[in-house]
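Please construct the entire structure, taking both the sequences and the accompanying hints into account.
Protein chains in written order, with the working numbering: chain A, 512 to 840; chain B, 512 to 840.
Because the hints were derived from the structure by calculation, they are not lab data. Just so you know, these numbers come straight off a predicted model, no measurement behind them. Treat the hints with caution; some may be incorrect.
When chains are identical, the list treats them as one kind, so a pair holds in a single copy or across two.
To be verified - In silico SDA-like links for lysine to any residue, alpha-carbon gap of 25 Å or less: (1) K683 <-> A693; (2) K761 <-> P653; (3) K745 <-> D811; (4) K579 <-> T731; (5) K655 <-> E808; (6) K667 <-> D811; (7) K700 <-> G689; (8) K683 <-> Q702; (9) K540 <-> L583.
2 protein chains.
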Amino acid sequence: MDDHQQPPSTMTSDNTLPIAIIHRLPRFKLPSPWAKDIFNPIEPSDPLYPIHRPSARIIIIIGPSPLKSEHLDHYPSVECVFGTSAGVDHIDLAECRRRNIRVTSAGSAFSEDGADYAIGLLMDVLRRVSAADRFVRAGLWPVKGDYPLGNKFGGKRVGIVGLGNIGTLVAKRLEAFGCTIAYTSRTKKSQVPYAFYPSVIDLATTSDSLIVCCALSDRTHHIINRDVMTALGKKGVIVNIGRGALVDEKELVKFLVGGELGGAGLDVFENEPEVPKELFVLDNVVLSPHKAILTPESFDNVRDVVMANVMAFFSNKPLVSEIDLSDLS
Amino acid sequence: MDDHQQPPSTMTSDNTLPIAIIHRLPRFKLPSPWAKDIFNPIEPSDPLYPIHRPSARIIIIIGPSPLKSEHLDHYPSVECVFGTSAGVDHIDLAECRRRNIRVTSAGSAFSEDGADYAIGLLMDVLRRVSAADRFVRAGLWPVKGDYPLGNKFGGKRVGIVGLGNIGTLVAKRLEAFGCTIAYTSRTKKSQVPYAFYPSVIDLATTSDSLIVCCALSDRTHHIINRDVMTALGKKGVIVNIGRGALVDEKELVKFLVGGELGGAGLDVFENEPEVPKELFVLDNVVLSPHKAILTPESFDNVRDVVMANVMAFFSNKPLVSEIDLSDLS
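Shown next, in the form of structure tokens:
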């Protein structure tokens, strides 16, 4: 990505704010307040859009709105695409590379919240927090007496699938609970004290629970498949805060309904917002509407990251959270 | 407690197992397996109970079954009472002291689980895990769209009320989430890096959330009162895993219903198993049926602690988790 067109070193050449095309599905709303003193956001519905479309140099994608080749065709001058999600699987990266368009993600803006939530989901499944809350709200405590015991969280063996920004923070948290941590990822990380397993199945075999927090790609699609679930075993718990398609959902439902897995904490699903209804009746499952990384505080963080990236772009400085497109498989 | 009658240095003088009176409410069941090779458990329903009652030297209390003066009247030879709960507020300690009866608790057997659960409840309230699970199970995700955001957990200011076995482990966990930790307790702990506030109100004023995990006594009854809730403020969250009566429950309900508190995660209540029904409709509240410290693993731990105490008692060695009765206020 060294051959992209160099932008001028000032924000704009004519003392007006640079144009940023806002690309979003209707359900992903523009954050408010948005830093309008740094760029001028233009949506396709804007009367000025036809004027600015041909010359716009940057696109800001709100949430995981898909950005495909046919979208890019509308923007012949675009040089950089700024994502506001932790993942970039909604962006056609190969097409961006082909067109010499740079891409940024939200970087680590969401990482703390994602890691926090992963711990929350695992705790909730093991200790049955949500299920016990249902039990109390249904008025069953005085009627049925003690709620069935859950399982201990502290000291358990937890396997992390994907030791990136979020996975690393998950591990840090698990350490404080006395958990034994292992991980799988494309390559062994140096300076990481946790056991590395190149094979997810081997990781599952030696873990009580798996936390899935890797990026979705062709390589990681259904990385948690039937064989991994079998290796994890009847008491094993799967937490997924990555993307739905990292887990073979049909198999997962079969394993859970058949009692072949201990439980699951799922923030993401293969066909969101659809969730397999078979899971609605299970007390060893916690279901969450793709919100692991979403707090008011993380929205502030991501806005800061986007602003920093935009300012770096127009100042011809290194981008804060650029995706390495030379690495596409 | 130096003047109690010294037991013989062998387990029993006649090579039979020592008798242990089992004292329990019917709803607290005898754990199974129980180490019958160490003592001979006798319940009042046992045909041999009348024979052993006058000479029994130890009582084992199952769960928080109340042990009062009138119970002790039945056991003129009792020297030591072994609790199986983390707290000992169900035992008439003053009466035990008067009769020169030693008392043990479950010590730290439950501490890890208690600390884990406290983190789980706080996470659940802040990030709305249980409420979001209800939202998904009700089929509302495809209908209503995004679930309202919760609040960030990591990095927040958390005040710990009672820095004992559990509180210390809570603090250790919170550190990994980047939280700022402060505490109140009867006295400042040396070698603890957290800010100490002698006053609960001052602690509440400088905290985003409070985790209540102190013992219940006359001194701590309703330690979380109206003034503390006011000091904590509209966004403040209270987690209680100690005893229900540590919190003024009527005031808490008023504050929550009136939107004067951010939320609450409650494992304990003033009139268990009754839970104020006003709370059943609140999404910023997580309700749990007094199970913070209960896992199969912690039951194993507590059995080990009781056994160690019993063996120490009959071997005339220091008890593992003796309560200091000289400290009664």
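Status of the hints after comparison with the structure:
no.	hint	result
1	K683 <-> A693	both (12 Å within a copy, 21 Å between copies)
2	K761 <-> P653	between (37 Å within a copy, 19 Å between copies)
3	K745 <-> D811	between (41 Å within a copy, 21 Å between copies)
4	K579 <-> T731	within (20 Å within a copy, 62 Å between copies)
5	K655 <-> E808	between (41 Å within a copy, 23 Å between copies)
6	K667 <-> D811	between (34 Å within a copy, 15 Å between copies)
7	K700 <-> G689	both (21 Å within a copy, 23 Å between copies)
8	K683 <-> Q702	both (14 Å within a copy, 23 Å between copies)
9	K540 <-> L583	within (21 Å within a copy, 67 Å between copies)
In summary, this structure violates none of the numbered hints.
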